[in-house]
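Going line by line, the protein sequences match chains A and B. Each residue of the first sequence is one higher than the last, beginning at 1 in UniProt numbering. Each residue of the second sequence is one higher than the last, beginning at 1 in UniProt numbering.
Take these hints with a grain of salt, some might be off.
Same chains, same names: a pair is fine if it fits in one copy or spans any two.
Taking lysine to aspartate or glutamate pairs in the EDC-like style, the calculated list, with each CA pair at most 16 Å apart, reads [unchecked claim]:
1. 145 / 230
2. 192 / 157
3. 229 / 218
4. 46 / 164
5. 187 / 222
6. 89 / 21
7. 229 / 60
8. 145 / 11
9. 183 / 84
10. 46 / 75
11. 229 / 28
12. 187 / 210
13. 91 / 193
14. 184 / 70
15. 187 / 52
16. 89 / 115
17. 187 / 198
FYI, nobody ran anything at the bench for these hints, they're computed from the structure.
Protein chains: 2
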Amino acid sequence: MFKNNDFIYIEYSVTLKDTGELIDTTNEEEAKKANIYDEGKTYGPKLVILGENRLIKGLEEALYNFNLNEEKVIEIPPEKAYGERDNSKIKIVSLGELKRQGITPTPNSILRLADGTTAVVRSVSGGRVVLDLNHPLAGKTLIYKVKVVKVLENAKDKINALIERRFTSQYVSKFNIEIDDNKKTVKISIPKDLYLLDNLQLNIYALAYEIINYVLADYTVEFVQQYTKDVFSGK
Amino acid sequence: MFKNNDFIYIEYSVTLKDTGELIDTTNEEEAKKANIYDEGKTYGPKLVILGENRLIKGLEEALYNFNLNEEKVIEIPPEKAYGERDNSKIKIVSLGELKRQGITPTPNSILRLADGTTAVVRSVSGGRVVLDLNHPLAGKTLIYKVKVVKVLENAKDKINALIERRFTSQYVSKFNIEIDDNKKTVKISIPKDLYLLDNLQLNIYALAYEIINYVLADYTVEFVQQYTKDVFSGK
């Protein structure tokens with residue numbers, strides 16, 4: 001049994017109840033076998049902070065009732081996944097209009113429209129195109145096979161996990177974290193390699209927010225950058 | 001007499017030797033009177049770090065030989081100001097070509113060309129336009145009336161001056177600077193109001209560079225940001 005703000009790692013595979021089709025998994029081999037491997041994705045156990053609401057509702061709710069190393073199969077209906085299908089999101093547009101936008105629709109392809117939304121092409125005939133603006137998984141019941149493989153217990157591990165989620169893993173070990181429970185302070189030194197990273201400041205700000213919200217609410221989180229001559233001489 | 005890395009404040013007015021025309025001044029009233037007032041400019045004494053080479057060569061060289069509160073009039077020839085005029089930078093282009101770029105040139109106007117360079121239009125006639133790509137002050141001898149009005153003596157004042165040059169003045173007093181000469185460290189706390197400033201990180205990096213180069217070469221410069229719950233609750 002877990003509670004709000006617990007840091008857990010899960011492994012999962014999701015299939016559609018209708019067809020049994022595998023649509024997502026944390027297991028790289030399985031993804032490759034099912035032809036859904038995505039180079040841009042990181043495979044392996046995935047960090048979940050309970051209460052952060054980054055997962056679909058049905059999965060996050062279920063996780064509170066797991067124990068460490070427990071594996072369960074859970075069925076998640078559309079209202080706790082990607083919502084019911086909404087027929088008012090099916091639009092008929094003219095083929096000519098799409099072509100003027102530089103789009104040549106073919107059935108079952110996914111389009112990005114001029115306003116930035118995505119749509120699935122349901123049919124093309126007689127100069128008319130039927131577009132479905134529902135989420136591709138709307139109306140689907142999902143079957144999750146989930147296992148909780150790790151639970152983080154101490155604050156330092158949790159902060160490291162937050163850093164790892166935000167920065168490329170090669171830098172994680174270069175952060176230095178000092179927690180002082182008497183003074184209620186966390187001091188985090190930022191690695192010199194990151195001083196010129198795009199968006200470093202936004203990442204610092206967001207990391208501070210996460211530490212205070214999910215790990216050490218009443219602490220002062222201090223971020224430190226140290227410059228010496230060497231930083232600028234390329235040494 | 002000043003030396004490299006001295007922080008001095010100067011007041012100046014510059015006129016063209018040829019015509020006596022005032023072209024720049026640190027005095028707001030004088031600028032307004034001469035119709036060269038620029039809203040985007042900050043008037044008043046201007047920080048100069050000797051050796052930083054932000055000024056034209058002739059002025060910077062001369063400043064080493066000033067004393068505090070001394071005022072001098074110095075004449076700076078083109079080769080120590082904006083360079084000699086280079087006749088190869090005078091180009092003849094067709095009026096039609098400029099019009100195709102959406103430019104309608106009139107004599108003495110300043111154009112920004114397609115490649116980003118600026119040019120002065122010398123003449124327009126018979127479908128031919130004479131463009132001068134020299135700096136508008138190239139070939140000019142400048143007369144500077146300059147006074148050194150302040151010299152910074154201690155490191156903390158110098159660091160404050162660098163902060164003031166880089167951040168809006170309303171924030172300067174909110175920076176906290178602690179110098180420890182035994183440990184050879186400078187610790188600078190960044191005001192919370194700046195945590196979401198665009199380019200904060202680049203400003204921190206540049207400030208560290210300036211402190212190490214011009215103020216405390218062998219020190220470690222530490223920048224600190226402190227986050228508590230209040231930062232995120234808008235209090």
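Handout entry: Alpha-carbon proximity between residue 229 and residue 60, which holds within one copy, between copies, both or neither at 16 Å
Key = Result: close neither inside a copy nor across copies, 49 Å intra and 25 Å inter.
Handout entry: Identical-chain pair category, residue 46 with residue 164, by Cα at 16 Å
Key = within (11 Å within a copy, 45 Å between copies)
Exercise for the section: Since the copies are identical, ignore which copy is meant and state whether residue 187 and residue 210 lie within 16 Å (CA to CA) inside a copy, between copies, both or neither. Expected result: So residue 187 and residue 210 pass the 16 Å test inside one copy only (15 Å; across, 25 Å).
Exercise for the section: Tell me, please, which holds for residue 184 and residue 70 at an alpha-carbon limit of 16 Å: within, between, both or neither? Expected result: For residue 184 and residue 70, neither the intra-copy (35 Å) nor the inter-copy (54 Å) Cα distance is at most 16 Å.
Practice task
At 16 Å max between alpha carbons, let me know whether residue 89 reaches residue 115 within a copy, between copies, both or neither.
Solution key: This pair counts as within: shortest intra-copy Cα distance 15 Å, inter-copy 47 Å.
Handout entry: Alpha-carbon proximity between residue 229 and residue 218, which holds within one copy, between copies, both or neither at 16 Å
Key = This pair counts as between: shortest inter-copy Cα distance 7 Å, intra-copy 36 Å.
Practice task
Go through the copies and call it for residue 229 and residue 28: within, between, both or neither, with a Cα cutoff of 16 Å.
Solution key: Close neither inside one copy (44 Å) nor across copies (39 Å); limit 16 Å.
Handout entry: 16 Å Cα threshold - placement of residue 11 relative to residue 145
Key = within (8 Å within a copy, 74 Å between copies)
Handout entry: Intra- versus inter-subunit Cα pairing at 16 Å for residue 187 with residue 222
Key = both (5 Å within a copy, 13 Å between copies)
Exercise for the section: Indicate which option fits the pair residue 89, residue 21 if close means a Cα-Cα distance not exceeding 16 Å: within, between, both or neither. Expected result: Neither way: residue 89 and residue 21 sit 25 Å apart in one copy and 69 Å across, limit 16 Å.
Exercise for the section: Pop the pair residue 183 and residue 84 into one bin, within, between, both or neither, using alpha-carbon distances up to 16 Å. Expected result: Neither. Shortest intra-copy (50 Å) and inter-copy (64 Å) distances fail the 16 Å Cα cut-off.
Practice task
Using 16 Å as the alpha carbon limit, work out where residue 46 and residue 75 are close: within a copy, between copies, both or neither.
Solution key: Intra 20 Å, inter 70 Å, cutoff 16 Å: neither.
Hint compliance for this structure: hints 1, 2, 6, 7, 9, 10, 11, 13, 14, 15 and 17 are broken, all remaining hints hold.
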